[in-house]
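Asker: We have chain A already, so just place chain B on it with the hints.
Okay, here's what each chain looks like letter by letter:
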Amino acid sequence: MSDGTRAGWPERAALATVIPLRVPEGDERPALKVVPARVRRRRTAAVTVLAIVVMFVVMFGLAAFQTMIAQGQAQLDHLNGQVDAAQESYAKLRLEAARLESPARIVSVAEQRLGLVPPPSVHYLAPSGDDAVAVRQATTGAPASRAAPTSGPSWPSLKPYVGTPR
Amino acid sequence: MAGPDRRRTTARTSARRWRPGRSNLRLLGLGVTTLLMLSAIVVKVGLLQTVDRPALQAVGEQQRIDKVRLTAGRGVVFDRNLHELAMSVPQTSVWADPRLVKDKEATGTALADVLGRDRAAIVASLSSNAEFAWIARQVDDDVATQLKAMKMDGVFFLTEPKRFWPADDLARGVLGQTDVDGRGISGIEAAFDGRLTGTTGSLIRERDGQGNSIPGGLHQLRPAEPGSDLVLSVDRNLQYAVEQMLIDHVANLHAKGGMVVVTRPDTGEILAIANVVTPPASAGAPAPKPVVSSANMALVDVFEPGSVNKIITAAAALDTGAVDPTTVLPVPDKLSLAKDAQYSDADPHALAHWNLSDIVTQSSNIGTILVASRMQRTQLDQYLRAFGLGSRTALNFPNESGGILPAVSTWTKSSMGSIPIGQGVAVTALQMLEATNVIADGGTYVAPTLLEATINPDGTRVAAPAPERHPVVSSRTAALVSQMLERVVTDGTGKNAAIAGYSVAGKTGTARKPQANGTYQDAAGNYHYVSSFAGYAPAEAPRISAIVVIDEPPPTGGSEAYFAGQVAAPLFSKVVTEALRELQIPPYPTGPAASTPTPGG
Numbered sequence: 001m002s003d004g005t006r007a008g009w010p011e012r013a014a015l016a017t018v019i020p021l022r023v024p025e026g027d028e029r030p031a032l033k034v035v036p037a038r039v040r041r042r043r044t045a046a047v048t049v050l051a052i053v054v055m056f057v058v059m060f061g062l063a064a065f066q067t068m069i070a071q072g073q074a075q076l077d078h079l080n081g082q083v084d085a086a087q088e089s090y091a092k093l094r095l096e097a098a099r100l101e102s103p104a105r106i107v108s109v110a111e112q113r114l115g116l117v118p119p120p121s122v123h124y125l126a127p128s129g130d131d132a133v134a135v136r137q138a139t140t141g142a143p144a145s146r147a148a149p150t151s152g153p154s155w156p157s158l159k160p161y162v163g164t165p166r
Numbered sequence: 001m002a003g004p005d006r007r008r009t010t011a012r013t014s015a016r017r018w019r020p021g022r023s024n025l026r027l028l029g030l031g032v033t034t035l036l037m038l039s040a041i042v043v044k045v046g047l048l049q050t051v052d053r054p055a056l057q058a059v060g061e062q063q064r065i066d067k068v069r070l071t072a073g074r075g076v077v078f079d080r081n082l083h084e085l086a087m088s089v090p091q092t093s094v095w096a097d098p099r100l101v102k103d104k105e106a107t108g109t110a111l112a113d114v115l116g117r118d119r120a121a122i123v124a125s126l127s128s129n130a131e132f133a134w135i136a137r138q139v140d141d142d143v144a145t146q147l148k149a150m151k152m153d154g155v156f157f158l159t160e161p162k163r164f165w166p167a168d169d170l171a172r173g174v175l176g177q178t179d180v181d182g183r184g185i186s187g188i189e190a191a192f193d194g195r196l197t198g199t200t201g202s203l204i205r206e207r208d209g210q211g212n213s214i215p216g217g218l219h220q221l222r223p224a225e226p227g228s229d230l231v232l233s234v235d236r237n238l239q240y241a242v243e244q245m246l247i248d249h250v251a252n253l254h255a256k257g258g259m260v261v262v263t264r265p266d267t268g269e270i271l272a273i274a275n276v277v278t279p280p281a282s283a284g285a286p287a288p289k290p291v292v293s294s295a296n297m298a299l300v301d302v303f304e305p306g307s308v309n310k311i312i313t314a315a316a317a318l319d320t321g322a323v324d325p326t327t328v329l330p331v332p333d334k335l336s337l338a339k340d341a342q343y344s345d346a347d348p349h350a351l352a353h354w355n356l357s358d359i360v361t362q363s364s365n366i367g368t369i370l371v372a373s374r375m376q377r378t379q380l381d382q383y384l385r386a387f388g389l390g391s392r393t394a395l396n397f398p399n400e401s402g403g404i405l406p407a408v409s410t411w412t413k414s415s416m417g418s419i420p421i422g423q424g425v426a427v428t429a430l431q432m433l434e435a436t437n438v439i440a441d442g443g444t445y446v447a448p449t450l451l452e453a454t455i456n457p458d459g460t461r462v463a464a465p466a467p468e469r470h471p472v473v474s475s476r477t478a479a480l481v482s483q484m485l486e487r488v489v490t491d492g493t494g495k496n497a498a499i500a501g502y503s504v505a506g507k508t509g510t511a512r513k514p515q516a517n518g519t520y521q522d523a524a525g526n527y528h529y530v531s532s533f534a535g536y537a538p539a540e541a542p543r544i545s546a547i548v549v550i551d552e553p554p555p556t557g558g559s560e561a562y563f564a565g566q567v568a569a570p571l572f573s574k575v576v577t578e579a580l581r582e583l584q585i586p587p588y589p590t591g592p593a594a595s596t597p598t599p600g601g
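Sequence lines, in order, name chains A and B. According to the numbering used here, the stretch in the first sequence is residues 1 to 166, in order. According to the numbering used here, the stretch in the second sequence is residues 1 to 601, in order.
It is worth saying that the hints were derived from the structure and are not from the lab. What you are looking at is a predicted structure, and each value in this text was computed from that prediction instead of being measured. We put the CB at the ideal spot given by N, CA and C, even for glycine. Please note that a few of the clues may not be correct.
As the list claims (entries may be wrong) - Below are the EDC-like pairs computed for lysine to aspartate or glutamate, each with C-alpha atoms no more than 20 Å apart in a straight line:
| hint | chain 1 | residue 1 | chain 2 | residue 2 |
| --- | --- | --- | --- | --- |
| 1 | A | Lys92 | B | Asp142 |
| 2 | A | Lys92 | B | Asp168 |
| 3 | B | Lys67 | A | Asp84 |
| 4 | B | Lys148 | B | Asp97 |
Unchecked claim - Okay, the calculated bits of chain A under chain B, using three or more residues with CB under 8 Å as the criterion:
| hint | segment |
| --- | --- |
| 5 | 63 to 74 |
| 6 | 94 to 105 |
If we strip away everything but chain A, and leave its shape as in the complex, we get (with noise of 0.2 Å):
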């Protein structure tokens, strides 16, 4: 009796759980109590319901998570072909517009559609006394050098003086 097991039951005390009870002093020393065994069969069971529970819930919530994966896989691969679709549809207006900027067709609108025709002559405006001076030191800065020809000043500053281009 004094490691806590009865006589008789080997088996048993190696088996179950055996709690210490503490002996309160002066009182005699309680009986030890063996939880019956359909105590332990709920408790396994209901361990086990929780365990299932918690292993579907984790089961369903992976499936969830793969399924929001999915989605999202399948949203982007629909962007990206938007993205192509609008860069191929960018670069085919920009190929029209170039188009339809183009010299020859501006030339085929105007003469063909507008009724416009060429000027017979073009007349140029050359500026005179003062405005001549003026011009020639905006156009050149200082007496032409042939060592270092200028690029020369923007339109802007000789507009006054040369009238208005086309």
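Answerer: Chain B alone, transformed into the frame defined by chain A:
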């Protein structure tokens, strides 16, 4: 001690149960069969996992792994004002897996009908044992839509870029071509193929039966790196105008072809290069209209420059001190340097006493030869080469010619008669214009350039390196020659090159064309000519320079219609007028107010 007894009892019982009997035999057979089947499965699984593994893995990957080659976008070619001259646009290509095509005849017929191609060729492609066969590449959108709607077994589609030139034939010879795979094969497309072509990328991914990416599966993306865009120095509008003027001019002259190059002499920028040819006429058909050439003749074809070369001779003579502006020479109209080297001026004249300016203005062959005779051969050779003759320009254009300038050691006695007047040497139109630009640019050679900048894929613009420059003649020499060239236009052979409101300097050149028989006369004894005019404006501060070359203007009734002053100079005037207007270059104010009409528009 019941244990040993129980074991004995059990052994006895087992021996009794497994004693051969009908049901036991069946059980035994079932066990053995099951064991054999399980063994077979184990063996097969072992084989699949070991021996067959690589092949099966490959098949699985082929079904599951999608390897896509991501074609890099080819760069856009812009003009100087960022107008698109060449660009790539995705187009649909059609291919087939012949193994998956069930009815090859019907599929071939349907494809041929929509594509408008030979049915037999398509059926032959579909009848091969290959896994892949091109049906049509880069088809139009409406054709692709039609084919996709037909949903034919084994016929598939993919997208690949196709090169377009939005302005059609504009600058065709300059821009060049690409092959169906997008590689540059001529012109700018070939010259800058490395910059225009990007780096191909790849996408490796796992896909399901519907072609969708498998989530969480293999996904390796190496993005394609698009090529750089090019910004050319060419002005699209000017290019178009020059081409149209040249087409009309060549058509009016009934000439064989023509070339025009327009540049900015101070920067070397090429603003326009027009190349026009008249297609051969069919028997009984009216003369065809000239068309824009697919070859950049102005850089590829060579011709004897004739009197335009006198610009170099005159500059060399002045720069070496062989003559000065006041030197007067007695100039006859004929001269013999050797037995087979007889020279004459275009117009007979009495012995004249001309200075260098007179000689250039009158374009006297004899006067030029006499001036050249005051120099050493090596001196003339050095100046010709310094002016850019005999070597390719810095453009490095595909198939560009360096011209023909014989080594001075091979010059004969007649070379000092022929070469100073532009015979016995050959140049490209661009070379001759660059030589003229030396005078326009105050004696400095500026290498021509077609590339103004590149635009990297990230949008950064990188300016092209500045063109190479080197001094050729002194600024004094250039100024003197320029004054002579102005006289050519005001008083000499180039009067038709004049532009109202602007001062123009330039030189005419009319040269005989060498024939296949090694002489200047064809089998019928006729001469053929190349007429050219090179010059610039405004003469005081040159901003535009141009050369006009007309190939074989036919003599009309023995008249002088082939002379450059009549043939090339008028077109020069029109071209440079347009260029001055397009680039908004005002007249250089020199005199009283003027309001002068000019023909054309």
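Asker: Work down the list of hints and note, for each, if the structure agrees.
Answerer: Now the hints, each set against the structure:
no. : hint               : result
1   : A:Lys92 / B:Asp142 : holds, 13 Å
2   : A:Lys92 / B:Asp168 : holds, 16 Å
3   : B:Lys67 / A:Asp84  : holds, 17 Å
4   : B:Lys148 / B:Asp97 : holds, 15 Å
5   : 63 to 74           : holds (count 6)
6   : 94 to 105          : holds (count 8)
Going down the numbered hints, you'll see the structure goes against none, and every one checks out.
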